[in-house]
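Mind docking chains B, C and D with the ligands on chain A? Use the hints.
Residue numbers (numbering that gives the first Met the number 0), protein chains in the order written: chain A, 0 to 340; chain B, 0 to 340; chain C, 0 to 615; chain D, 0 to 615.
These are calculated hints, taken from the structure and not from any lab test. Any given hint could be a false lead.
Unchecked claim - DSS-like, lysine-lysine: derived pairs with alpha carbons at most 27 Å apart: (1) D/K152 x D/K207; (2) D/K445 x C/K585; (3) C/K487 x D/K92.
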Amino acid sequence: MAEVKAKKITAKDYASDQDVKWCPGCGDYSILKQVQSVCAELELNNDETVFISGIGCSSRFPYYMETYGMHSIHGRGPAFVTGLKTVRPDLNVWMITGDGDSLSIGGNHFIHLLRRNVDVNVLMFNNQIYGLTKGQYSPTSEKGKITKSTPFGSIDHPFNPLALAKGADATFIARTLDRDPKHMRPVLLEASKHKGTSLVEIYQNCNIFNDGAFFTFTEKDSKPDNTIFVEHGAPLLFGKEKQKAIILDGFTPKVVNLEDVDESELWIHDKYDKVKASILVRFFDDPREDGCLPRPFGIFYQEERPIYEAGVQAQVDKHVEAKGEPDLNTLLEGPNTWTIK
Amino acid sequence: MAEVKAKKITAKDYASDQDVKWCPGCGDYSILKQVQSVCAELELNNDETVFISGIGCSSRFPYYMETYGMHSIHGRGPAFVTGLKTVRPDLNVWMITGDGDSLSIGGNHFIHLLRRNVDVNVLMFNNQIYGLTKGQYSPTSEKGKITKSTPFGSIDHPFNPLALAKGADATFIARTLDRDPKHMRPVLLEASKHKGTSLVEIYQNCNIFNDGAFFTFTEKDSKPDNTIFVEHGAPLLFGKEKQKAIILDGFTPKVVNLEDVDESELWIHDKYDKVKASILVRFFDDPREDGCLPRPFGIFYQEERPIYEAGVQAQVDKHVEAKGEPDLNTLLEGPNTWTIK
Amino acid sequence: MSQITSEIKDEVTILFAGDSGDGIQLTGGQFTDTAALVGNDISTFPNFPAEIRAPQGTVAGVSGFQLHFGSIELFTPGDQADVLVVMNAAALKSNLASLKKGGIVIANIDGFDKKNLRLAKYEEGLTPLTDGTLDGYKVHEVDVTKITRETLKESGLGTKIVDRSKNMFVLGFLYWMYNRSLDNTIKFIETKFAKKPELINSNISVLKAGYHYGDTAEAIASRFEVKPANIKPGTYRNIMGNEATAIGLISASQKTGLELFCGTYPITPASDILHFLSKYKNFGVKTFQAEDEIAGICSAIGASFGGKLGITTSSGPGIALKGEAIGLAGMFELPLVVINVQRGGPSTGLPTKTEQADLFQAMYGRNGESPVPVIAAQSPKDCFDAAYEACRIAIEHMTPVFLLTDGYIANGSEPWEVMKSEDLKNISVNFAEPREPQDPAFLPYKRDDKLVRPWAIPGTKGLAHRIGGLEKDFETGNVSYDPENHEKMVKVRQAKVDEIANYIPKQKIDTGAESGDVLLLSWGSTYGAVKTATTKLIDEGFSVSHAHVRYLNPLPKNLGELIKKFDQVVMPEMNNGQFIKIIREKFLVDAKGLNKIKGLPFATGEIVDKVKEVLA
Amino acid sequence: MSQITSEIKDEVTILFAGDSGDGIQLTGGQFTDTAALVGNDISTFPNFPAEIRAPQGTVAGVSGFQLHFGSIELFTPGDQADVLVVMNAAALKSNLASLKKGGIVIANIDGFDKKNLRLAKYEEGLTPLTDGTLDGYKVHEVDVTKITRETLKESGLGTKIVDRSKNMFVLGFLYWMYNRSLDNTIKFIETKFAKKPELINSNISVLKAGYHYGDTAEAIASRFEVKPANIKPGTYRNIMGNEATAIGLISASQKTGLELFCGTYPITPASDILHFLSKYKNFGVKTFQAEDEIAGICSAIGASFGGKLGITTSSGPGIALKGEAIGLAGMFELPLVVINVQRGGPSTGLPTKTEQADLFQAMYGRNGESPVPVIAAQSPKDCFDAAYEACRIAIEHMTPVFLLTDGYIANGSEPWEVMKSEDLKNISVNFAEPREPQDPAFLPYKRDDKLVRPWAIPGTKGLAHRIGGLEKDFETGNVSYDPENHEKMVKVRQAKVDEIANYIPKQKIDTGAESGDVLLLSWGSTYGAVKTATTKLIDEGFSVSHAHVRYLNPLPKNLGELIKKFDQVVMPEMNNGQFIKIIREKFLVDAKGLNKIKGLPFATGEIVDKVKEVLA
Ligand SMILES: Cc1ncc(C[n+]2csc(CCOP(=O)(O)OP(=O)(O)O)c2C)c(N)n1
Ligand SMILES: Cc1ncc(C[n+]2csc(CCOP(=O)(O)OP(=O)(O)O)c2C)c(N)n1
Ligand code: SF4
Ligand code: SF4
Ligand SMILES: [Mg+2]
Ligand SMILES: [Mg+2]
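The shape of chain A in the complex, shown without the other chains (with noise of 0.2 Å):
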């Protein structure tokens, strides 16, 4: 950043002058607002900075920022990201997406960009539905949903998306939520610090097709006993008076007491821990069932594992040395010519 830079960058550096297009209520708006501002907050110059997403509402949100981007196909995002930054790892790229465009058709390039962890951050709106479409079941529905094309219940058992993730061996889970500003901005700091493929699935409330999907745990009622905010280096405690913890009995979590256990014994949250990251993830319980765990919120799991995109630039560094500059004439002239004369 430029050092003679008079004026404080703000969150409105980064809005396009675009109207933003979705219905009044919905949960986007509220991770537009925290994105921008932590763009703000990381000085992130806007020429170099990169928007790519798939098909959805939730893709809608490359336009309405200030900065390069692209609203692709759907499900497609993960290619579009691996090639541009395979060619340009300068560049700060973010990856928008929705349940169904990471889940539903973009699954595959999904699980290979975990794997590959090309340097990017992934924002994935998870408000188990399409709402593009207005109103069919995602992925992520839970089963019996009642929608458009499923009058009758859905029959199929939905993804784990973070299960998923950890099975496809990503090296930055986390999760948040539209309703909680205060927990998603730290959330994305970390993930956008991240070296490679940080995966953020962020709760967002449909108010047209889906209201209140998460609302056991953005409201106030219900949320305090059935979410789990964990934080590096802390125990698992929740409830009201943060009176409640989980450990580990055997090989099953459980619910306890606080004042029922020895210290000795809780689970202290561990971002790198891979066994822990694996159980975790499967905190995923369905709220509405007696004795489930709650969800746990933050980041689950943190690894460094080379990104992609070095190691290519890598190899293409190691031949130029190695090789020398290229030179065309010899290439096209091969290893075996004869001459005619």
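Just chains B, C and D with the ligands, lined up with the frame of chain A:
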């Protein structure tokens, strides 16, 4: 099966009249043999059995089975299977796929098949290479793999297929080896009995393009120390004399000498335990590395969950019952008519 | 009460427009039903915004519903409106161009306050109601909001709920204007709010308030009367295109006894077919919302392999993903119906707009020589016949079939004379018979005299066989790399599709003489506009005829002959010229294109003008 | 030693055939190099089995290599072979039809033992060597295995290794037959086995043994001489089509300074382009083996968006998956080269065979009006020029471009006069310039006089903008649902592609006069066969000319004119008639098709016969 069946059914009854055209020495032959023999043991009716595959060397499989068969499109096997089973739950359906077919182009259909839990037996021939297209690396090839398309070594972090399957909430997860027919057979039998999608990953040697990829796990010298054959209810023991055991130390799986630990500390394999399975599928260390965990084989996980096609059928049945036999004229008339005289 | 005259009209077009939340579609639907009940012919076309619910008051959020009703036969929802009802400034802004010169504007003035004017991006300080924009139109300003609130001030209902019945006021007012009874809508309100009686009364009160407002308001000088049309006696229902498609498919399933399986993925404007189908579980319909379009079609092929009626639906961008599988279905020679509800393209294009630009994709959008029959529907109700016919061809000829409709007819509606099951053409299903070991070997690719191979379904004794996408031997169906066999197979797959021409009706002239100066040759949803234009031209004394092609591949056998009887051929298409290329190539005639690529259907006048130009 | 005559020949075609493991490709390659070195013109075509390594000895496992060399200019690998070398019975079975009547068969009799005969499915007890099958051919039986083992019996090498040098014996023998020096192959052996000196000696011994066998064996009555061709002086290399494509792409990258990014997924017969490209990391080439074809093309578009040269390669079934993304690239108006190495279709078809049946897929395989320039390569070496030209058009006209080659030229090879970097046409890259806040707003869709929009790449100051697949405003590129704008955009995208006709060479007559009785109009890999046929027909006194079209969309501006100078137009295509439809439609000429759909290239004779038939 007809009671008067005079002749005992043998594996040969499941061999079609087509010449088998895999390369001599290919691991596929051994799998074909076991499958035919398992069909015989189960006395499957040839006319009620269907083998569906994608594209790849492995996917030629259906041509060699004297059953109904479909050699479909690269990666799309799960979709054909889902359509077929949804309308024909009565059929016994097997899906044959390769590591490229199911994890590269077909990755999305694969994970959706698993989450939906369609009742089909999936045999994934994992040779860590693209055989049919003559030797490019696959999503399961180890990093640094030198192939036709990666003359300087591959850069991508490979999938751990069973971890991915677990992440997709598969209800039956197993692994076996082409070179261990005695192990393969019972695994195939169990898979075929499971109600739901049974995933069996089969390590398969491609002696032309990736010869010896699994020799560490199949050859006499290295096998005992590098493999662990899990059995439901039994402790995780391995080594030539079964002298080594695996325990969970806090959250970390560890190799110990059997004699050094108390029996109560032993990890008893429980294929119904989600958490154990989540950890077990992650025993995926590079066998070339020091202190690595052995690679597990056997049935990792099994869960009863309603199967997709049954759910679909139940809705139909329920509505037929509630609304009576369909009357086309009522449908044609619709709810609102008027009459012009 | 002032003197109110009553004018008789042959046909009227009303365009309702307002915010997505204003209940525009419901208002239009009610007027339609009422018009239908008194025996008017009708044709409607809703026009949705691309955004789900763009911010209230903006142009992007305007929803429209166009209704054409008359005492004469109608084939389109009307070129331009006689009456434009606008609930706010944005609605006026985006629809004024669709109003006839001199037409009537009914404006809810509450929707023209400062905020609404700003949101609609009118120039600061100016309102179109007074700044001259509406010069030459008849404008009726009504403060709908105020009167509605007034009407319900005693109801005890909250303002939000009260305001939601504004549309009933407008409806009542229009009923008055067109001399219509309120009965049908009152019945509707009673059913709809059966569980919320307080809303029954409030809505009916507002409806009546609207009606009475007509009686009392000074402004309105004339009411209109539209007599019943001379419609063939019978029982009718109003039907939308996508609904008709769904019912056509289910009918084919019921008539054949083949379970219907629809593997699909939502996409505008095709999703409604899935929505309709998924309601009819008691007809044994199985719908599968797949993970993507590829899985959608592949699952449908799987179902066909299993001996059922496999269907897949989508729109252009989704169809683009199905090419590989359509090619496979062609190799398999299994029945499959692929429905493309076309929308504005290319790429994501204009998802909520209409176009006919996917014909070539249907004809040629696959690798290799991969012929597929293609048929198109011509109007909302015709979607029924076209869908039924697509199933017939697929099943009787063992082939994937493309059915093309588009956003215009998919969402549009018109009255449909209810059919009886008995009236439906028979579709014959020929499953291969079981065999005993001593029978001669089963030959899965041996053809009958229609060049059709047997449908041998799993579970049938003695027919176990394998199919695949590799080239197959002419009879055994085993993989064959033989060069001669390949050529033979390519030719026979083509011949099989060509052979269908023997099993479809000959091409007819729809309107006009068998020969003449100009033939208007059209296909798909342009039918109504072209027909109306032709009638008009003939009335004006021109030598013009109209032929409308349902069967785009193979073409009717007599089409060439028919065309050659005209000096000129003009082909209107909502694309940049696709069907015309096929006609030019096949018959070497110098057909002229009339192309509109605006995401909107043709107006009759555009066609009339073009023909006059050609003849000038 | 018997009397051996020496015959002089203008051209000779040798077909080597044997098991996949027999080293057939290597043998053919060596003979090719040696022939090239003495100045013969050459053309080759390898023919792989569909199975990787089907069981030894079976017909499915036969690998072939056809080599045409001569003292005259050659354009095809030869219609039929003069000499057929077969290493076993299966090789004879599957290739005999390719041998000229009266041609020479060289048979390794060890490959005709009982087991081999059975595997080749010859009738029990009969061997084609004696049962009359080869009546009329000149057969030389050689026990290659025995002599090879004999030669190396002192070498101390194991039998398996010894047997692997059998092919050297055959090669030596053929060198003798055609009076060739062993030097080139000896040098090759020395390099290849530099690390295994024992194999150098053994291979050279066997090679020489083959040569000497010719000298001593009684059977051979004549040797042949093929004089150097009258080839333009210069430096040459032998080049395969896929290699030429790869080098053409890299050359465009080097000339423009744009990093090359190839996003692709393996598929026969396109994979070799990826294999070649991935070797040239030091040229900054980045190859991405994606998870599927869709990711392949989308990643390439991502790279183009980033300001690099995005390439994607595939064959028919894989191209079918790219339609949606090609449409998007057309909307984006970014450079992209899409290469289709066509194979036998439809569906999975005949993966290792050749065909030209994906032209329509390239032209029309997308939803909506989505024009894309299409060009085709005509021979192995021409793949270089075609690939380079595809990049030029993509970059200078900001558009996706289709390059069509096919299995025949992709795997075939011919001599190529080595180009110098300086000889390559310039390609201009125009990145939009950075802007300061005070500059007028950047308009990403404002066009220059070629109708081309600016390439504004991320990282450039002041150009931040958003692109997408929804219809865009004519200048700002913002999403626009405006009907007029849509039509304007559809038309301008078409006009932009049409405009390319002003930047490509005019169509020329390749062979023959500018007017006459028949024009043979061809495209793609049929070039050699059609040219050869034309020459032959002209020699025989027919009034025939040949024009070969590289630019299939847009067509050269003068094509219509050129065509109209001929009474008849005959269009040979390796498909069921695709380009012919375009020509008929566009120019309303009654062109006649000559279609071969056997997975094999045309033989000259087939074309000659067709023309004679047309003229009869
Ligand atoms: C190839 C293709 N298929 C289908 C569609 C239709 N479509 C657009 S968005 C969408 C799903 C959107 O759901 P999600 O990703 O969850 O986004 P949301 O709208 O909920 O934010 C679908 C099915 C499309 N645009 N392209
Ligand atoms: C759409 C499409 N893309 C690519 C191919 C080419 N192809 C065929 S099989 C294959 C990969 C095979 O690998 P795998 O599934 O591991 O099977 P294997 O041959 O190793 O058994 C590829 C890339 C194809 N047939 N179709
Ligand atoms: S439909 Fe739902 S997700 Fe889409 S903009 Fe509206 S509220 Fe948001
Ligand atoms: S290439 Fe490999 S996997 Fe394929 S048949 Fe040969 S050995 Fe088997
Ligand atoms: Mg969603
Ligand atoms: Mg493989």
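Status of the hints after comparison with the structure:
no.: 1; hint: D/K152 x D/K207; result: holds, 15 Å
no.: 2; hint: D/K445 x C/K585; result: violated, 39 Å
no.: 3; hint: C/K487 x D/K92; result: holds, 21 Å
The structure does not agree with numbered hint 2 stated previously, though it agrees with all others.
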